[in-house]
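Visitor: What follows is the residue order along each chain.
There are 4 protein chains.
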Amino acid sequence: MTTITEVTTDMSTFETLESEVRSYCRSFPTIFDKARGYKLWDVQGREFIDFFAGAGALNYGHNNPRIKRKLIDYLTDDHVVHSLDMATVAKENFLKKFQDVILAPREMEYKVMFPGPTGANSVESALKLARKVTGRQTVVSFTKGFHGMTLGALSVTGNSFKRHGAGVPLHHAVSMPYDNYHEDVDSLSLLEHYLDDEGSGLDMPAAIILETLQGEGGINVASNHWLQRVEAICRQRDILLIVDDVQVGCGRTGPFFSFEEAGIQPDIICLSKSIGGYGLPFALTLIKPKLDQWAPGEHNGTFRGHNLAFVASTEALSYWETDELTCETLRKGEIIQRSLSSMTAKHPDTEPEVRGRGLMQGIAFGRKGFAEKVCAIAFERGLIMETSGSDSEVIKVMPPLIIDDEGLNKGLAILDESIQIAKETR
Amino acid sequence: MTTITEVTTDMSTFETLESEVRSYCRSFPTIFDKARGYKLWDVQGREFIDFFAGAGALNYGHNNPRIKRKLIDYLTDDHVVHSLDMATVAKENFLKKFQDVILAPREMEYKVMFPGPTGANSVESALKLARKVTGRQTVVSFTKGFHGMTLGALSVTGNSFKRHGAGVPLHHAVSMPYDNYHEDVDSLSLLEHYLDDEGSGLDMPAAIILETLQGEGGINVASNHWLQRVEAICRQRDILLIVDDVQVGCGRTGPFFSFEEAGIQPDIICLSKSIGGYGLPFALTLIKPKLDQWAPGEHNGTFRGHNLAFVASTEALSYWETDELTCETLRKGEIIQRSLSSMTAKHPDTEPEVRGRGLMQGIAFGRKGFAEKVCAIAFERGLIMETSGSDSEVIKVMPPLIIDDEGLNKGLAILDESIQIAKETR
Amino acid sequence: MTTITEVTTDMSTFETLESEVRSYCRSFPTIFDKARGYKLWDVQGREFIDFFAGAGALNYGHNNPRIKRKLIDYLTDDHVVHSLDMATVAKENFLKKFQDVILAPREMEYKVMFPGPTGANSVESALKLARKVTGRQTVVSFTKGFHGMTLGALSVTGNSFKRHGAGVPLHHAVSMPYDNYHEDVDSLSLLEHYLDDEGSGLDMPAAIILETLQGEGGINVASNHWLQRVEAICRQRDILLIVDDVQVGCGRTGPFFSFEEAGIQPDIICLSKSIGGYGLPFALTLIKPKLDQWAPGEHNGTFRGHNLAFVASTEALSYWETDELTCETLRKGEIIQRSLSSMTAKHPDTEPEVRGRGLMQGIAFGRKGFAEKVCAIAFERGLIMETSGSDSEVIKVMPPLIIDDEGLNKGLAILDESIQIAKETR
Amino acid sequence: MTTITEVTTDMSTFETLESEVRSYCRSFPTIFDKARGYKLWDVQGREFIDFFAGAGALNYGHNNPRIKRKLIDYLTDDHVVHSLDMATVAKENFLKKFQDVILAPREMEYKVMFPGPTGANSVESALKLARKVTGRQTVVSFTKGFHGMTLGALSVTGNSFKRHGAGVPLHHAVSMPYDNYHEDVDSLSLLEHYLDDEGSGLDMPAAIILETLQGEGGINVASNHWLQRVEAICRQRDILLIVDDVQVGCGRTGPFFSFEEAGIQPDIICLSKSIGGYGLPFALTLIKPKLDQWAPGEHNGTFRGHNLAFVASTEALSYWETDELTCETLRKGEIIQRSLSSMTAKHPDTEPEVRGRGLMQGIAFGRKGFAEKVCAIAFERGLIMETSGSDSEVIKVMPPLIIDDEGLNKGLAILDESIQIAKETR
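Residue numbers (the numbering used here), protein chains in the order written: chain Z, 1 to 426; chain E, 1 to 426; chain F, 1 to 426; chain P, 1 to 426.
If chains are identical, the list can't say which one is meant, so a pair holds when it fits in one copy or spans any two.
With a straight-line Cα cutoff of 20 Å, these simulated EDC-like cross-link-like pairs (lysine to aspartate or glutamate) come out:
1) Lys70 x Glu321
2) Lys68 x Asp78
3) Lys423 x Glu380
4) Lys39 x Asp416
5) Lys34 x Asp77
6) Lys368 x Glu351
7) Lys132 x Asp203
8) Lys97 x Asp33
No wet-lab data here; the hints were simulated from the structure. Quantities reported herein were computed from a predicted structural model and do not represent experimental measurements.
So here's chain Z without its partners, still in its complex pose (with noise of 0.2 Å):
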């Protein structure tokens, strides 16, 4: 792959009409027209490793065969793809397979509720379901947590400039420190002493809102036993547990749940991003039976059921009914983390640390704005990777789970090239 800096778009359409709220178009400043696998192309017909996957939105990879073959017909054949919250046979199928094909056989119970098609409308409905079924109002979320947008689930985020584009505080929500938040601090020892203590200041909460792997917060890693203790937190006092696992759900980590290898139980679990399979949008809340207390139409929207997310999602889900995903995604994600441990141990002193589990890993780097500048570097040479973190200073290796080691080598190559390049050109 040749570097493609000579050639620019033209992307004044969207500099003229489009708010100036748009982001991902600055970072990769090219106009993409089609894309398959883990590969996209623009309009000059360059080619992109895409080390990106929507965010986590496209764990089985872009414009999947299979799952396009079944859109296709569904469309066709002029079945129902509009329909609310009214029965189809596209809805039905899903609920089946996801019982069949996910909680059967991880002997979960949970009542599969469908809150609108974002990651932040499942957050929000676990908030509100959490608050109606305890009849409490804070909910415990942790320093660096991301959960979403809308005025609820950005009350449970961390970061500053998102949450002040509320332009309203926002309440109900208190931020503990996640693992390993502060080196000396033992966080669950402190969240416990809060909890406990009847002078913290800190109200008895609805819930505790976590997600296992921080992704947007720069690759943060809670740890099984993290994870076990914060379950039996709850579990001692009666509060809930949310488990937001709308980015590193679905495999990313290998297993379907993310939180499966710490063996817990969360009460309410959030799904978004992948599990549409196809990158449309589509969310789910899962919520234990006992704790179904929604009266009909408390919440509800326009996009709560469609049709299209069904026939992918659940065509996707067929990658779940062996482990195959699950250990591929382990294998590739220790190609991953040895290529990341080599990359980093020639460059000490740009500061960096490896992160991340299965295939969400990254490189954390203390030098500022130099993450910022690997990835601008790495776009250039054909790799489409994003950064994260408050002060966007970890780089994100996170393709999508179908990527074929071919892929992924190239990938990695391309970004141990770009950060030596990035060392060079201070």
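Fit chains E, F and P to the given chain Z structure using the hints.
Guide: Okay, now just chains E, F and P, sitting in the frame of chain Z:
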């Protein structure tokens, strides 16, 4: 069409696996399979006329063949489907066509924001921006208003059942009387009194948010004069005017924007539902250029860009290249109005009141529970129609705009019959 | 009395050492030294008639000799002065006398709470209790209402300047129109509409809080009929009725409680100001026994019990052993009303409106800035009188109840003269 | 002193007429009549030593004869008692003496605000001003902090029982760990981490509010180093530092301000309780001149000015013309510390911990319920002493500063005896 009560459908999958929050599948208890134009068919092959239109998301009908063709082609050729807010050919085409067909001919200058794929996302983004730009926090909404289920959107929604679902008190919003809310109150004279009185307890608002016709609230129509007065109130006091055209825009009342006849120029416009063309999740926030003060990424989301929706929406915009759809909608609106008036004239004891404009009309019944009964009977006879209003006291006639006269008259005949039967079977 | 403008007082200590927040010392720029009854003297020996009465805290006049004797005796004999809420002889005497002289004869059953020594403390305690007892959070207050400066009390206060001082948005309160707030609005018909409409956006309130006569808000009088309707609205919906009688209670309008004539029975009554008898900080919250659901110490404070105030208040209650004070107040109120009416008749160009009842009356002037000018001129001529209303558009005639006819007429003559001069010196 | 359990007092007036919220009269179930210095007498003539001192309001003892003389003279001569915030001779004298005796010798430049007569008023005014000046809304408070019962003050108070009493969620405040809150957590390192991490979820605060020694929270002492670090954290980030010296100021720990030894200069200082000199309701807010950005009357109240308190406070300030009181307090503090240490050494099984400084010391008992038992026994033996801490686990030794050695030793002997008895009578 014969009555179809004798056949029942097995709804057990939904009853067993889906959350209690499900709602429309309770009102329309069958499993739908196929749909085209203004018709739906269930798994038993029963045909239904659709006077519901996806709660306003299906103005161009189910599975509109022109749009369907474009979607299948797009999928077939592996154009990029999911791309967050990166630039794509599909997005560029949409932006240009929206500019050329909608904004430019109306001499409307607005920047286009993709806030996430739901109406609530658009409302949340509008509220955030209004607060950011003005530095104020209060937003004035109106009685019976409906703007969405996320915490910010819910705070400007009037319905107490939905509000209660929040589980936390809702802040930063004040609900003032809508046009004709109370016969003895000039709602805007009162609003002005509050705004101009330093002792009223109403903090100077960032914005006023309204629907020009409240669909969920019971088909309450604001007069053009009232809308013009609201705009003047805003202008005189530097308050932003947000029009939520999610349900009533995209031609529902005739013109593309519901407020065109009133001649007002909102500062921010929320669009969703039918803007997606094919019932695909999609939303826009239109912002006057000087107010487009977002920082890049200050509001974001995984499904901001959704290329199938761009493709469908772009094709749907072709309907707006001439004024044919507007004229037809007004003509059919008159048919409906005549028909509803004649129906209600026959049943004064149900205390009926015909309401609405264009293809969002309905009958409010004073008799408690009557509207729900009519809809249930209509469903049994092959007509899908929902109620609205906080006591479900209004039946809503809201077919796809592309319905033909045969379908329209057939549906109205079933409605007429259903009212008769409802009266007889107290 | 001659004008006293030629003498000025050195206010530099206050200007140098005291915060900019000071206010009355700006309107009445002299240093006061002595006071008795309805008269004050400054350090230069200038005498002032007091039509201000400590903003309602001095109903029994300055340094009332009967009360003074008791205070000096109490101090001399080393009875306990500060005792938090421990039991003391002084407190027991107060409780018994308040029961015997005030509650029992009126057949009012209330428990007495000492919430801290200010009206705002009483209002805060009333709001807390109403929320606790009902489990609801919203409180309905009224336009132009004034209830205090602490965050809870401020949230039910209408004045935007004071509200803005909070520095945070004020929550859990909704401001509805007061009696005669807007000529075309039947305020209670609108309130009922909001309360009974599930789509109004008004959450079912814990309580309605009101003043029967709004002193700070501009001397706005609620009719007896209006108060009775509010009570009925509350009773029908299980909403608590809180009457803030801090300024207008203790006989200011004739009867001890301002609402006696209306015949209503509030659930909670807030008293402060003149209940202290001698201008000492003191407040009560009266609670219907079944609502007295406080846990011990759930609301507390260092100055809940303040024995000098118990002593002063107990002695002041002797005034209420007969109906003489009530009769005299009504008689003097008529003198004031006639006098104000005759003054205003002479100056229709100032757009005057006589308002009020008993010994809280005033004139609202349509002419901007006129009221403040009148008060400034009156001060120069030996009369202390403040303005009220959110634009300071109302002059307030509010002498101690014990003023004699000579003082009253003298003060009114100065007022008459001051209006005349104010008109002449535009 | 003999035990006094055999005599009981008739508390029925209080039980019948006063609200259930009453508290201290339950712990000290007798009716007090007279008081002088560190002694109280009840109606039966029983004498009590006061180790409670009006919860810190009686540093100069009950009915201090020097102050009493001034009060009687002031009353006798009819000097003005109630004057809102008008200028009076008494107020001028206070302002000058406070400047001369307290501020000037310490080279402290502060404007004096009279925010209303309670500590909560002072805290409310401090929070308002900090928010106004910075334009931010969040305030950082600390675990176990106690700042008052009004809604603003309560939001920065840790005690969950008191917080719950609000009946509404408390906003705009974040409770961080106080010094030594958790043995494994360096509280300020964590706070800094939160403040400097854009992803922590802690919005940049307007102010940090703290007590240097938490009385109500259980006698928790912040080290000078910790206080200096807090000040540095504030200075580096332009956060205001508010010290609530309501209970622990006015010499309670030796110097007039509790933070003098730490050498910090708070931006705003809250004073109440003993600043009133004689147990009269009174409070000050001290404001650095550049922060005195109040508009006139932006915060007001009827009892801002209370001339008896000015008179008493002015006389009490004479104690501060020399350093005698400070020296004596430190000396007596050492006596207490030695005494408590020796008591606790005898009873290791009660898991005792001596805490505090100067004349605010105490013993925390690990054994549940033990502290309350000790206080109850002590009361029966003629010693008034309260518990603190959220589980009432700490006994508080807090006599008037003017106690003599005889009284101090006598009280400590009763305490010693009471611990012994409490242990024996499990």
